[in-house]
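Participant: Listed below, chain by chain, are the residues.
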Amino acid sequence: MNKTLLILRHEFLHTIKRKGFITMTLIVPLVALLAIGVIQLVSGIAEPTVEITTIGYVDESGGFQQYTSQGNITLVRFDTPEDATKAMVNNDIKEYFVIPSNYASTGVINRYTLEKQIAAPPATTTAIKNFISSNLLAGKVPPATIDLIEAPLNLVTTRLTETGAVALEQGGFGNLIIPGAFSILLLLAIIFSSTYLLQGLVEEKENRLIEILLSSVSARQLLTGKVLGIGAAGLVQVGVWVISMPLLLSLASSTFGGFIGTIQLPANFLVLAVVYFILGYSFFAVLSASIGAISSNSREGQQLIAIFTLPLLIPLWFMSLLMLLPNNPIWVVLTILPITAPVEVMLRLGISDIPAWELAASIAVLGLSIIGVLLLTIRVFRTYLLMYGKRPGIGEIFRSLRNG
Amino acid sequence: MPAVEVNHIVKSYADKAVVNNLSFSVAQGEIFGLIGPNGAGKTTTIRMMMDIIKPDSGDVTILGEKLSEASKNKLGYLPEERGLYRKLTAIDSIIYLASLKGMDRHSAEEKADELLNQTGMLPHKGKRIEELSRGMGQIIQFIVTIIHNPELVILDEPFAGLDPVNTELLKRMVADLSNQGKAIILSTHQMNEVEELCDRILMINHGRSVLYGKLPEIQSKYRSNSVLLEFEGKLGEVPGVTEKRTHKGYVELVLDGKTTPQQILERLVSTGIVINRFEVATPPLNEIFLKVVGRNHE
Chain L
40 MNKTLLILRH EFLHTIKRKG FITMTLIVPL VALLAIGVIQ LVSGIAEPTV
90 EITTIGYVDE SGGFQQYTSQ GNITLVRFDT PEDATKAMVN NDIKEYFVIP
140 SNYASTGVIN RYTLEKQIAA PPATTTAIKN FISSNLLAGK VPPATIDLIE
190 APLNLVTTRL TETGAVALEQ GGFGNLIIPG AFSILLLLAI IFSSTYLLQG
240 LVEEKENRLI EILLSSVSAR QLLTGKVLGI GAAGLVQVGV WVISMPLLLS
290 LASSTFGGFI GTIQLPANFL VLAVVYFILG YSFFAVLSAS IGAISSNSRE
340 GQQLIAIFTL PLLIPLWFMS LLMLLPNNPI WVVLTILPIT APVEVMLRLG
390 ISDIPAWELA ASIAVLGLSI IGVLLLTIRV FRTYLLMYGK RPGIGEIFRS
440 LRNG
Chain R
552 MPAVEVNHIV KSYADKAVVN NLSFSVAQGE IFGLIGPNGA GKTTTIRMMM
602 DIIKPDSGDV TILGEKLSEA SKNKLGYLPE ERGLYRKLTA IDSIIYLASL
652 KGMDRHSAEE KADELLNQTG MLPHKGKRIE ELSRGMGQII QFIVTIIHNP
702 ELVILDEPFA GLDPVNTELL KRMVADLSNQ GKAIILSTHQ MNEVEELCDR
752 ILMINHGRSV LYGKLPEIQS KYRSNSVLLE FEGKLGEVPG VTEKRTHKGY
802 VELVLDGKTT PQQILERLVS TGIVINRFEV ATPPLNEIFL KVVGRNHE
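Chains L and R supply the protein sequences, listed in that same order.
With positions in the first sequence counted from 1, the corresponding number in the numbering used here is that position plus 39.
With positions in the second sequence counted from 1, the corresponding number in the numbering used here is that position plus 551.
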């Protein structure tokens, strides 16, 4: 068998037998299962209980007697604030509010509660708002109009193609679920695979096994075998996560109900996911190999690799901004930058369209970066893999790269 | 055809020549000692011979061919610093590293069992490397070095850290390899091992060759022109002897430079003393090493 294939097989088997790898492969679906279970438990989805809350009010302005049932909230009238306070202290009501006599000119409503809160709960605010507006409009407009004023908007957006037909991919949160989840999985797979590569290499360097290996194979064969072997293990890991997805989604559908039905896969997602996993992993794996070559021990290597893997998180840090401002030029930069591209592209696929030229530029830059880093890594690999005990300085590395 | 031919190799790091215009050859079936002080350039020379690093100039030929990927399978290398995959079993480590030398799994397993049996390590074949003692790990690594039947075996401090029993075992195995026609390069600081095992030596210092040739010839060159004598009786003045040095159990007679040991022996016999031992003094390699390296340091 070809020596590169032998190293590939050895690295693949060695990696998938690691306790850390097995734990991580199983833990992601297990954590997702646990999360679904917790959500089901917390939301009591099996037998939802509807709790009726009673809140009091004091009408000093006059004219607020109707519409005292607002969804799950019942409003009870008190004559004075003292009566309402007494009822609240006795736990008869949860809280109360006062409509002052000058409400019509100020619009101020005073709310009183025993609880420490940052703001009034949205359900309470909505109930009071609807109670006030319904009473203000009572008798002046038809009841149906009052209902419309209370809930005036149910915005339904339809995306059309340039020909005017309804687009297959409609967008929305349902479109973001799979790319969002995959971007996190991609990130984890890249970080873990690169770390395994780094650890293996530093271990071989630390125990001088590298000399025996290099007396049997070339640096290029060793590097290629390792990158492909551990990459294949990473693909297996991602495969397990992807296969477990339908099961988790079907379980989640009982929690989130119809929302699961809105999940859509963006166009070309699967192809791009595979392309970006392979390119992203290759880029970071080759980078890890050069860091492994210059590091004198495992801890030092992991500190150095963190400098390069942390930027992978940037797209996730700015995800909310991406949702708010999907057309900002900064996302184009993150799409083309090889160190952020894999995660950024996955996220953008779920949020907006990515022009073809950006994808082409991103893939081209990532591909060229891999070749560039690979060529530099082979030089660094040959020079520093056999240097023990001392990490070369940046200047020294640049000098040796220049001298070849 | 020599097993190894090294021609004028040069290797520099940061403009400092670590190996400087070094040439030597090793014949098949020969045990060749590569010696020198720390930092002399021995490991760099070995790495260039193993094609782990490339020389800046000069070339290395193994069995008449330039170094290539294919020729790496004809080499066996035991580095000075030992290490194997700690989590792998002894047998899996041997099979994997043997496969990288071109052996198929079945042959590697068969040969591994044979060598493990020969070294008394068979009961430990299923143990993880981290469970073995340092000496046991070293024997496993020696097996890894020779399992693929290499034509050239390079051993860097092979006996360091081994107990006397295992040292003798490995020495016997090295001698067997030599008898099978394999070329062996032995790099060590233990001069007694070189004297015991090697046919020829190369001593390097500051990357240059300072001594190269057959061991007896080198020792003869550095001979102090004296004889060692153990005797019974009374030894008076002997013509041709300029100095008598008394050691524990014997005396060293320093000759005047015109008289040969043969003539001295004849004169000693004629004095009537009982000669128990007469030996032309040969300087130990250790002494030559100190002399040559010391001179180079000056």
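Worth flagging that the hints you see were computed from the coordinates, not collected in a lab.
Since this is a predicted model, take the numbers as computed values, not measurements.
Glycine included, C-beta positions come from ideal geometry on N, C-alpha and C.
Hints should not be assumed to be uniformly reliable.
As the list claims (entries may be wrong) - Stretches of chain R that chain L covers, calculated by requiring three or more beta carbons in the stretch to come under 8 Å of a beta carbon on chain L:
no., region
1, 615 to 627
2, 804 to 818
Claimed, not checked - Capping the alpha-carbon separation at 25 Å, the derived lysine-lysine pairs in BS3-like fashion look like this:
no., chain 1, residue 1, chain 2, residue 2
3, R, K678, L, K58
4, R, K842, L, K56
5, R, K799, L, K56
6, L, K58, R, K676
7, L, K179, L, K168
8, L, K168, L, K155
9, L, K56, R, K638
10, R, K842, R, K799
Participant: Confirm or reject each hint.
Facilitator: Quick rundown of the hints versus the structure:
no. : hint               : in the structure
1   : 615 to 627         : holds (count 4)
2   : 804 to 818         : violated (count 0)
3   : K678(R) to K58(L)  : 19 Å, holds
4   : K842(R) to K56(L)  : 55 Å, violated
5   : K799(R) to K56(L)  : 64 Å, violated
6   : K58(L) to K676(R)  : 23 Å, holds
7   : K179(L) to K168(L) : 18 Å, holds
8   : K168(L) to K155(L) : 21 Å, holds
9   : K56(L) to K638(R)  : 11 Å, holds
10  : K842(R) to K799(R) : 24 Å, holds
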